[in-house]
Amino acid sequence: MKYFKKPNSMHFHIAIGDGFITSDNPVISTFGPQNKPNGFQIIFPISPNFCLEFQNDDINNSNNLLVQMTPDKIQYVNKATINTANYYIISTNKFDITQQSYIYNRFNNKNWEMPYPHSNN
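Numbered per UniProt numbering, the sequence shown spans residues 1 to 121.
Source of the hints: derived by calculation from the structure; they are not laboratory data.
Small disclaimer: the values here were computed from a predicted structure and weren't measured.
Among the hints, erroneous ones may be present.
Straight-line alpha carbon distances no greater than 27 Å define the calculated DSSO-like cross-link-like pairs of lysine-lysine that follow [as the list claims (entries may be wrong)]:
| no. | residue 1 | residue 2 |
| --- | --- | --- |
| 1 | Lys73 | Lys94 |
| 2 | Lys6 | Lys73 |
| 3 | Lys94 | Lys110 |
Please work from the sequences and hints to get the whole structure.
Quick look at the structure:
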């Protein structure tokens, strides 16, 4: 395990929620909130109820292994998952109309731009 060290500024969490989707590509973000532009995080939903997160202090400095996700945070993670998918988006539930629209625009609308907070636009 000596080769698998994490920086002191990074935290590992198992996020618990209801309704995560996943894809063929994890979410990697190299910018944080507007007031903390150097944030870094890797988010990888592994089931409808669990998501692995590696986040630096600027984004989440909790030392808790388990963190409860709010519905807004789950929606954020799901949109970020759609944004970073290469080919596949996976869900155990049917996509609702909002998700269908977001997925359609992400893959088919050439003029669509990812909205904030998923881009710096």
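Now for the hints, and whether the structure bears them out:
Distance check on the hinted pair: lysine 73 and lysine 94 sit about 20 Å apart at the alpha-carbon level, within 27 Å; holds. A distance of roughly 24 Å separates the Cα atoms of lysine 6 and lysine 73; the hinted pair therefore holds under the 27 Å criterion. Of the pairs offered as hints, the one joining lysine 94 and lysine 110 holds, with about 25 Å between alpha carbons and a cut-off of 27 Å not exceeded.
Checked against the numbered hints above, the structure violates none of them.
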